[in-house]
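Just so you know, the sequences run in chain order A and B. For the numbering used here, add 1 to where a residue sits in the first sequence, where the first one is 1. For the numbering used here, add 1 to where a residue sits in the second sequence, where the first one is 1.
What the hints contain is simulated information worked out from the structure, not anything from laboratory work. Fair warning: this is a prediction, and the values are worked out from it, not measured in the lab. Wrong hints could be hidden among the right ones.
Each pair may be met inside one copy or between any two copies, as identical chains are not told apart.
[Stated by the list, open to error] In silico DSSO-like links for lysine-lysine, alpha-carbon gap of 27 Å or less: (1) Lys302 x Lys281; (2) Lys151 x Lys344; (3) Lys154 x Lys344; (4) Lys405 x Lys83; (5) Lys43 x Lys207; (6) Lys154 x Lys207; (7) Lys302 x Lys344; (8) Lys207 x Lys344; (9) Lys282 x Lys154; (10) Lys344 x Lys106; (11) Lys151 x Lys282; (12) Lys48 x Lys31; (13) Lys31 x Lys344; (14) Lys224 x Lys207; (15) Lys169 x Lys207; (16) Lys106 x Lys151; (17) Lys168 x Lys106; (18) Lys224 x Lys31.
Given next are the chains, with one letter for each unit.
There are 2 protein chains.
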Amino acid sequence: MLRIITQQAEATTELRRICDRTSQEEILHKEATVREVLQAVKRQGDKALLHYTEEFDNQILTPEQLRVSGSELDAAYQQISKELLDAIQLAARQVEAFHRQRVPKSWVQFGDDDVVLGKRYTPVDRAGLYVPGGRASYPSTVLMNAIPAKVAKVPRIVMVTPPGPHKKINPAVLVAAQEAGVTEIYRVGGAQAIAALAYGTETIPKVNLITGPGNIYVTLAKKLIYGSVGIDSLAGPSEVLIIADSSANPVYVAADMLAQAEHDPMAAAILLTTDTQLAKKVQLEVERQLHNHPRRLLTEKAIAHYGLIAIVDSLETAAELSNEFAPEHLELEIAEPWDLVEKIRHAGAIFLGTSTPEAVGDYLAGPNHTLPTSGAARYASALSVETFMKHSSLIQYSHTALNKVAGAIQILTEAEGLPSHGDSVLFRTQGYPDD
Amino acid sequence: MLRIITQQAEATTELRRICDRTSQEEILHKEATVREVLQAVKRQGDKALLHYTEEFDNQILTPEQLRVSGSELDAAYQQISKELLDAIQLAARQVEAFHRQRVPKSWVQFGDDDVVLGKRYTPVDRAGLYVPGGRASYPSTVLMNAIPAKVAKVPRIVMVTPPGPHKKINPAVLVAAQEAGVTEIYRVGGAQAIAALAYGTETIPKVNLITGPGNIYVTLAKKLIYGSVGIDSLAGPSEVLIIADSSANPVYVAADMLAQAEHDPMAAAILLTTDTQLAKKVQLEVERQLHNHPRRLLTEKAIAHYGLIAIVDSLETAAELSNEFAPEHLELEIAEPWDLVEKIRHAGAIFLGTSTPEAVGDYLAGPNHTLPTSGAARYASALSVETFMKHSSLIQYSHTALNKVAGAIQILTEAEGLPSHGDSVLFRTQGYPDD
Numbered sequence: 002m003l004r005i006i007t008q009q010a011e012a013t014t015e016l017r018r019i020c021d022r023t024s025q026e027e028i029l030h031k032e033a034t035v036r037e038v039l040q041a042v043k044r045q046g047d048k049a050l051l052h053y054t055e056e057f058d059n060q061i062l063t064p065e066q067l068r069v070s071g072s073e074l075d076a077a078y079q080q081i082s083k084e085l086l087d088a089i090q091l092a093a094r095q096v097e098a099f100h101r102q103r104v105p106k107s108w109v110q111f112g113d114d115d116v117v118l119g120k121r122y123t124p125v126d127r128a129g130l131y132v133p134g135g136r137a138s139y140p141s142t143v144l145m146n147a148i149p150a151k152v153a154k155v156p157r158i159v160m161v162t163p164p165g166p167h168k169k170i171n172p173a174v175l176v177a178a179q180e181a182g183v184t185e186i187y188r189v190g191g192a193q194a195i196a197a198l199a200y201g202t203e204t205i206p207k208v209n210l211i212t213g214p215g216n217i218y219v220t221l222a223k224k225l226i227y228g229s230v231g232i233d234s235l236a237g238p239s240e241v242l243i244i245a246d247s248s249a250n251p252v253y254v255a256a257d258m259l260a261q262a263e264h265d266p267m268a269a270a271i272l273l274t275t276d277t278q279l280a281k282k283v284q285l286e287v288e289r290q291l292h293n294h295p296r297r298l299l300t301e302k303a304i305a306h307y308g309l310i311a312i313v314d315s316l317e318t319a320a321e322l323s324n325e326f327a328p329e330h331l332e333l334e335i336a337e338p339w340d341l342v343e344k345i346r347h348a349g350a351i352f353l354g355t356s357t358p359e360a361v362g363d364y365l366a367g368p369n370h371t372l373p374t375s376g377a378a379r380y381a382s383a384l385s386v387e388t389f390m391k392h393s394s395l396i397q398y399s400h401t402a403l404n405k406v407a408g409a410i411q412i413l414t415e416a417e418g419l420p421s422h423g424d425s426v427l428f429r430t431q432g433y434p435d436d
Numbered sequence: 002m003l004r005i006i007t008q009q010a011e012a013t014t015e016l017r018r019i020c021d022r023t024s025q026e027e028i029l030h031k032e033a034t035v036r037e038v039l040q041a042v043k044r045q046g047d048k049a050l051l052h053y054t055e056e057f058d059n060q061i062l063t064p065e066q067l068r069v070s071g072s073e074l075d076a077a078y079q080q081i082s083k084e085l086l087d088a089i090q091l092a093a094r095q096v097e098a099f100h101r102q103r104v105p106k107s108w109v110q111f112g113d114d115d116v117v118l119g120k121r122y123t124p125v126d127r128a129g130l131y132v133p134g135g136r137a138s139y140p141s142t143v144l145m146n147a148i149p150a151k152v153a154k155v156p157r158i159v160m161v162t163p164p165g166p167h168k169k170i171n172p173a174v175l176v177a178a179q180e181a182g183v184t185e186i187y188r189v190g191g192a193q194a195i196a197a198l199a200y201g202t203e204t205i206p207k208v209n210l211i212t213g214p215g216n217i218y219v220t221l222a223k224k225l226i227y228g229s230v231g232i233d234s235l236a237g238p239s240e241v242l243i244i245a246d247s248s249a250n251p252v253y254v255a256a257d258m259l260a261q262a263e264h265d266p267m268a269a270a271i272l273l274t275t276d277t278q279l280a281k282k283v284q285l286e287v288e289r290q291l292h293n294h295p296r297r298l299l300t301e302k303a304i305a306h307y308g309l310i311a312i313v314d315s316l317e318t319a320a321e322l323s324n325e326f327a328p329e330h331l332e333l334e335i336a337e338p339w340d341l342v343e344k345i346r347h348a349g350a351i352f353l354g355t356s357t358p359e360a361v362g363d364y365l366a367g368p369n370h371t372l373p374t375s376g377a378a379r380y381a382s383a384l385s386v387e388t389f390m391k392h393s394s395l396i397q398y399s400h401t402a403l404n405k406v407a408g409a410i411q412i413l414t415e416a417e418g419l420p421s422h423g424d425s426v427l428f429r430t431q432g433y434p435d436d
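Next comes chain A alone, as it looks inside the complex:
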């Protein structure tokens, strides 16, 4: 049964517990295994990939089978329904349209004395995209990760995903990859796939940046290789926080909470409401909707451990509690959602009003569904086109301009004890001492 809490102090404590639910101890425990996998792939390349694919995914591959072939890619289109293809294409179009908004552009500005300053934006050369297998093999994940890379004009978008039974990969995932502009796909998953992308093997190219969600091994591998290559974020289990007033519909709120909980036994679903009656109705509705739920066991576990309803005295209090939690997804199921938005400081994505279930953003509204979890919204944002780009500062000084600042630079270099820094300006403005 979904708990209802009425004391704010207790709500604060519980929200903190839920936010910190990813166990650091469990992570440390698995680190040795992941380090071993990374080292093996670094040293032995494809050979290690095939070894771990047999060990962890129970699939025996040859090196030639690592790469998904053109005929398999073509065949995927025959294996999904016309309706699913249409839906994937609609989602791809909308996601692409949103990501094309405000793509960073290179710029320069011209100052006094012919000084030129600016920023030049360029895409990474190669992006690696991890797509989980099994229960979490989602075409939407592919779209949300590959489309920003495509919009950023990344020349090579390399996808990895573990093979299922009979070495197969979900055809919907293969179709989504093609629609989203992925340039090559490899049949490998887990920490070994991250290692392959980070170091390169005979078959898989080394990339510059790795994005995409995964299990604890994948996340740990991403953390360990960070610095050799870039990563998007360290994704934890998913979460939704809903702020609702008496205008909210308990049936919708309950469905939205379950839509989060059904992802993962570690997923979190939280409701903060000013309305005690709504709280009780949502509690009953969650039970009712769970009754015949196809993923009941898993979903119930999430609701029991990381589900929560808290009664709050005002929407302002709800906003403050939400800011402390910094949710991945925040739904404002209230009469005037835009009035509360300005009080929200930290949230991955904000869904406003009663006709905006999180699912609309998960699939096709346009904004990215790869969002900061576990409180990371305090400092991080959705995956975006910027994730796949970087900029170089541009600086050009003229002799006149350099002359004007030479004295100040000289004083600063002396204060910092860096004589050649000073000389590099002095020689240009005053000539070489021997001259």
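With the hints as your guide, set chain B onto chain A.
Chain B alone, transformed into the frame defined by chain A:
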């Protein structure tokens, strides 16, 4: 003596060696120590900070002495020259002016059927800024890290820096901090300072994001705590790559290479030139300028291990080699620098023409001097106002708009096996099955 290489294959190999000069083994070796420090600070707070400050910095502090007092901050202004204050203020103004360009702004767009999509930008609540002590205690580091945070409107900018002899902190650093808008300063350094910022102690507030350079222990601590809080990057030793043609002045080029080498025995200084005569002159000039260099021993070490001149057949080849290296600083000491810029794909900052020594950007041109090192320019950028901000996606659908996409979402949720995702849309558009 600075080596000259004439074969391109050898140049490629050497550039790779230099780019990968940070030893992963050395890092692993120190990880146990850093983990222990992090754990101790997490458990014991201030007590652990005082313990490690005595052990590593030889300074015995009371908890009250951790925070730099108002009178010490005031006194710092009396301890530096008027000229240095002026120079710090000039640098602060120019850095701030540059960082005020193109600060991200929140936006919304209105689509068909009353769909609203957008992004809301907000600053982090608290930023932590690490400033090294001893030889590398630089006021410019303070400006370059604190000013973007100030421009981003971060409410609390918390600085940490280790105490020197007699518990003192470089007064120029204290002045720079005040000019740049730092809100509080604590006298603690090393991995223990990073732990304090990440977990909070009785005296030091927990922050959301930690920026700033440091030694190997600081960098390792940043990597380990990443995920609990955000970090800017994992800074390695500094580097410059200079592309020069026959128009370049060997005296300037040599001074610029030494200005990099004098930072650190691990710093790298590379010249790629089409002109054999220039190569020889630079080689001699480096010797000459090293002769009476106040930091000769350290600087010679860097030049010997990570200094290099390579003769290339064309500027295009130089650009390609530079892209493979992805330098932190790139100087184009060539007749037509803007013609080559478009061939540069990866570089932290690009300095164009003969009157733009790197030092002008290090101190006061405006762009940030905190730049990606060790090849990280392939995926990362300069520290910027964006580093201290994050965005929330905004999504609002109307009932009409939701109706139009309900079918497509339904098909996608079925393909992904997530029934409550489907229900959350179905209940809103078709009503509850029991109704």
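So, going through the hints one by one against the coordinates:
no. : hint            : in the structure
1   : Lys302 x Lys281 : within (20 Å within a copy, 72 Å between copies)
2   : Lys151 x Lys344 : between (34 Å within a copy, 21 Å between copies)
3   : Lys154 x Lys344 : between (36 Å within a copy, 16 Å between copies)
4   : Lys405 x Lys83  : between (68 Å within a copy, 18 Å between copies)
5   : Lys43 x Lys207  : within (11 Å within a copy, 37 Å between copies)
6   : Lys154 x Lys207 : within (18 Å within a copy, 38 Å between copies)
7   : Lys302 x Lys344 : neither (32 Å within a copy, 55 Å between copies)
8   : Lys207 x Lys344 : between (43 Å within a copy, 22 Å between copies)
9   : Lys282 x Lys154 : neither (49 Å within a copy, 42 Å between copies)
10  : Lys344 x Lys106 : between (31 Å within a copy, 17 Å between copies)
11  : Lys151 x Lys282 : neither (45 Å within a copy, 46 Å between copies)
12  : Lys48 x Lys31   : within (22 Å within a copy, 31 Å between copies)
13  : Lys31 x Lys344  : neither (39 Å within a copy, 43 Å between copies)
14  : Lys224 x Lys207 : both (17 Å within a copy, 22 Å between copies)
15  : Lys169 x Lys207 : within (24 Å within a copy, 47 Å between copies)
16  : Lys106 x Lys151 : both (16 Å within a copy, 24 Å between copies)
17  : Lys168 x Lys106 : neither (42 Å within a copy, 47 Å between copies)
18  : Lys224 x Lys31  : both (12 Å within a copy, 17 Å between copies)
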